[in-house]
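**Q** In case you want the letters, here they are:
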Amino acid sequence: MSSGNQKPYSNPYLAGVFLGVVLLASFLLLGAGLGASSGIARLGAFLSGLILPTHTFSSEYFGAWGEKPLHYYLVFMLLGVFLGGLFSAILSRRVQKSVVEKGNAISSKIRLIYALTGGILVGFASRLAGGCTSGQALTGGALLLTGSLIFLICVFAGGYAAAYFVRRQWHD
Amino acid sequence: MIRTFYGTDTLNSPAAFFIALTIGFFFGLTLERAGFGSSRRLAGIFYFKDMAVLKVMFTALLTAMIGLSFCIGLGVIDPSTEIYFMKTYYGAYIIAGLIFGVGFVMSGWCPGTATVGMASGKLDAVVFLAGSVLGSIFFNELFSIVKPLVTWGQSTQQNMGQEGLAFVYNSLGMSKSAFGFLFTLIAVVCFWGSEYIEQQHSDEIGKTGYFNTPFLRAFSLILMVSAGGLFVLDGSVNAEKHKAVSSSYGLHMSEKALLRDVASAVDHVEPEELADYLSNQDPAVIAVDVRPAKEFNAFHIRGAFNAELPDLPQFVQHHTDKRMIVLYSNGMTHPAQARDSLARMGFRNVYLLTNGLGGFIERCLKPVSLRKEPMPENSIRQINLWRAYFYSFDNARPSVIGSNPSADSAKFSDMPPFLPGFVDADWLAVLMEKPGLKMIDFRDQPEYNTNHISGSYAMSIENFRGVLDGVPSMLMPANVIAARLSLMGIEPVFRFSQKRR
Chain B
0 MSSGNQKPYS NPYLAGVFLG VVLLASFLLL GAGLGASSGI ARLGAFLSGL ILPTHTFSSE
60 YFGAWGEKPL HYYLVFMLLG VFLGGLFSAI LSRRVQKSVV EKGNAISSKI RLIYALTGGI
120 LVGFASRLAG GCTSGQALTG GALLLTGSLI FLICVFAGGY AAAYFVRRQW HD
Chain X
0 MIRTFYGTDT LNSPAAFFIA LTIGFFFGLT LERAGFGSSR RLAGIFYFKD MAVLKVMFTA
60 LLTAMIGLSF CIGLGVIDPS TEIYFMKTYY GAYIIAGLIF GVGFVMSGWC PGTATVGMAS
120 GKLDAVVFLA GSVLGSIFFN ELFSIVKPLV TWGQSTQQNM GQEGLAFVYN SLGMSKSAFG
180 FLFTLIAVVC FWGSEYIEQQ HSDEIGKTGY FNTPFLRAFS LILMVSAGGL FVLDGSVNAE
240 KHKAVSSSYG LHMSEKALLR DVASAVDHVE PEELADYLSN QDPAVIAVDV RPAKEFNAFH
300 IRGAFNAELP DLPQFVQHHT DKRMIVLYSN GMTHPAQARD SLARMGFRNV YLLTNGLGGF
360 IERCLKPVSL RKEPMPENSI RQINLWRAYF YSFDNARPSV IGSNPSADSA KFSDMPPFLP
420 GFVDADWLAV LMEKPGLKMI DFRDQPEYNT NHISGSYAMS IENFRGVLDG VPSMLMPANV
480 IAARLSLMGI EPVFRFSQKR R
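So the sequence lines, in the order shown, correspond to chains B and X.
Using numbering that gives the first Met the number 0, you'd call the opening residue of the first sequence number 0 and step up by one each time.
Using numbering that gives the first Met the number 0, you'd call the opening residue of the second sequence number 0 and step up by one each time.
Keep in mind that the hints are not guaranteed to be accurate.
Claimed, not checked - Okay, derived cross-link-like pairs now, EDC-like style, lysine to aspartate or glutamate, Cα gap no bigger than 20 Å in a straight line: (1) B:Lys67 with X:Asp443; (2) B:Lys67 with X:Glu140; (3) X:Lys146 with X:Glu461; (4) B:Lys67 with X:Glu461; (5) X:Lys146 with B:Asp171.
Derived from the structure by calculation, the hints contain no laboratory data.
Model, not experiment: these values are computed from the prediction.
Just chain X, with the same shape it has in the complex:
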């Protein structure tokens, strides 16, 4: 299994920059060698004079598609965690595509090819690139207007746990290999058609085309055979799937079937899904908090039961009639291990919550005003409904001080005696103007800039982190942190330890 920079969240590390530079080098080199440093040649496709764009792009697309399918099929890479997929927004992409097409034919350039054109000394490429920079700046300036457009028409498909991620074969209701084969066939027809058109339109005498040459015949055959190979791959995967299904009818799940479940993530329940079931009070679904009782009592998802890991078999035994028993903890490791163990014992209705309790709060309960990305109207409504439901019972909030404050009773001495502690918003509202209280906003700078509690300081959490003895991402020593905090007039106070004396 390959781990990618995206998968390990290190795309912005120096090593990734170097790889990106190298890949870009070969990208640019290929574009230049294909003749894409010339706008006349690029624009040729729109006048049926030079179909090189179609031939190069379509071949590259198929090569990468077939290659990647084999890598995924042979288990070289796990696409669900290691590869970045763009979501589908029909409205945004249709409008953007049309505008892009007009700009493409007017200029004879697109961003990648123009960069190569600039390297070849084309002045029109330089002017095009300057225009693209301006176009990007216009987009930023007009963002408040175009914002709803950017996410307009999100696909309803959901793949690999990502909503809006749509595959064209699903959209067309075909298998991946059938679509891949059809797509390759279309490409081959386009190649032959392009060669024929070029031969008809060619005004250059002696220009060599590829129409009906041994090369094109061999190339077409290789493409079709490679695409046909996708079926073989598909066949073997299906056979495995079939085996897994048949064995799962036995009382005990085979290890292989269990691993297949793990790989396909059918044992996961997304936070939104659980929130829906629970807020609709679906009697066939229950959530189980597997953390220690102390943590459960401090906070848990409304309606959840508490059962620690060793008690789970007994608990699940009493709920075999349920459609879904969803386990959750702070992280995902314990619920995942517990689910596998229960599956081995023959319990088929146990699931785990994707991203745990933290993910549930982040995705379902985090106030809309604190979110970075713009949200469609119906999501906002949904989140507010969930918040209203999940926060309207006693154990919904971490224990805070000053929960029932009156203006006079709020005092600094109400500070929690041990950390981490939570303070109530009303408590803060009374004391925020007083000297001796500082507020630090740890969100990203742009969010701080957009809106923040008046009087709070902005600070990046990165200030606390750094390279220590050659180890990156370490907590800085106390004196460094103290020095950084002192810039905001915050001096270390050892009040709590004094108080305990």
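Isolated chain B, as found in the complex:
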């Protein structure tokens, strides 16, 4: 499916400037920066509420979001991210059908187990930090918040420390 005629990626510096302008617009209009993990956590609260409503809505963390956890601006932002990504991927002819991105050295199953485990760790850590690479590192970094920059440094420290052990998934 990976077609040869897909468009090249943007110049990363210009993409960065554009992303910075989007973030600035978010500060000036919303009064808050970008965020992705909150939307995911709200989805988690919603799904948890579908299965175990009483338990979820009386729980201390999810319960504080009320009975309509999806009624939140960052949920809409996440939806926007999906639509924007889809729009750009279609324009650049980069939409593929159910591809698992990996090196040839490992099976798709192992790659998906890595993705799932990584996802669980990221989902948990984002709640502990109250944000992810978007909401904490990028947004808080632009505000020059000490905690956000500490978080960013630790993300890379953790990443580089573990990189060696999971390197085979990208080997061809």
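Given the coordinates of chain B, assemble chain X onto it according to the supplied hints.
**A** Same frame as chain B, now just chain X:
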């Protein structure tokens, strides 16, 4: 001055949802165009193969940082009220960062990029997102265990009146512009280093990098010049500050210096600060209640004096030796106006209490058991000490009925003759089981669910509010409120008016 959705407390309005959706759209579009819909490309940074993540993230961070600094410097936006800042919790963020990093390198995704990956049809992105949802649910389930961790290691810095809000330039003891410039310089060095590394590691023939290209040279220069502009901004602000300080030595404060004080909020005293001074009986600090005597007699902060607005100059004249005279009222308008007026008259030791009496009660005196957010051990101790101090004198409580109750004397007829009235907890304890008395808990549902007085009903205050003739947030008509209350078996009774007849 821009008002934001955060500043006007309307982040959860349909208009904000639409703006968030639009901003998200451009966010996702940029991530995709930068190539972040690919986990291999994202993970590349950890193997020094593809440094796009660093280039895009660092550039975006600097662009927004420099842009926002200019907006603040030029007075386009007031960050202290219009922008949401996250607090710094060293312990929580270090642990979370490390875990996040491991998850990031394992999966090759983070939440925003995976959403774009899903839009590009990547199955590993979908699985990652499912994992993140699960991770969030685990966090909720384990919240009782991780709760102390969430606020672990709060910074001792205080900025814009928010404790724990820490700026990195303060942490490093630098000026904002000096740090901004240094940060930009580090970024430019990282960009050149990344391009060099990519050139060395590149196994693709004919792949074009930016190392030492005219583009990268021009881009680096533009970044450095923009960051240098922060000094100019800083310089002009400092010059203004200097002027303000020098003129304030004159007998009368210049209007400009006065406005500068207002802008920087140096005329505010936080409730916690006042509570500390008063409970330690600091002789150099006095609190002045500027409400009418009737309200003062009903309740006031222990140790406060009562002086109505027209009497203030005379009162302050007698206390020029004090370090701080803190004015308070129910709100902040009157004390603020009075402080400004007194400052014009040349009194330099007058301050006002942030958030007024309501804020003082909310932040210093509200029982720990009624608070939503988890509190560290030392805050709990502090609040209990304050409660013990401020509530241990006669005028500390609003006048209540049945203050000295005995089980037999408590009667419904003790109800206050006019509303709003307060009843004593002991009075309630005797009568709560009796028919004819209903209790409604107006706190949030989760708080009600966690704990409530047995037999009380939960009701949201929102039930009384709604759109009336197209105007939002209006009190609903009496018959609607009556209908809603009747669901709990509460029927309107006009006992008080009958009694007066």
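**Q** Taking each numbered hint in turn, which are not upheld by the structure, reported in ascending numerical order?
**A** 3, 5
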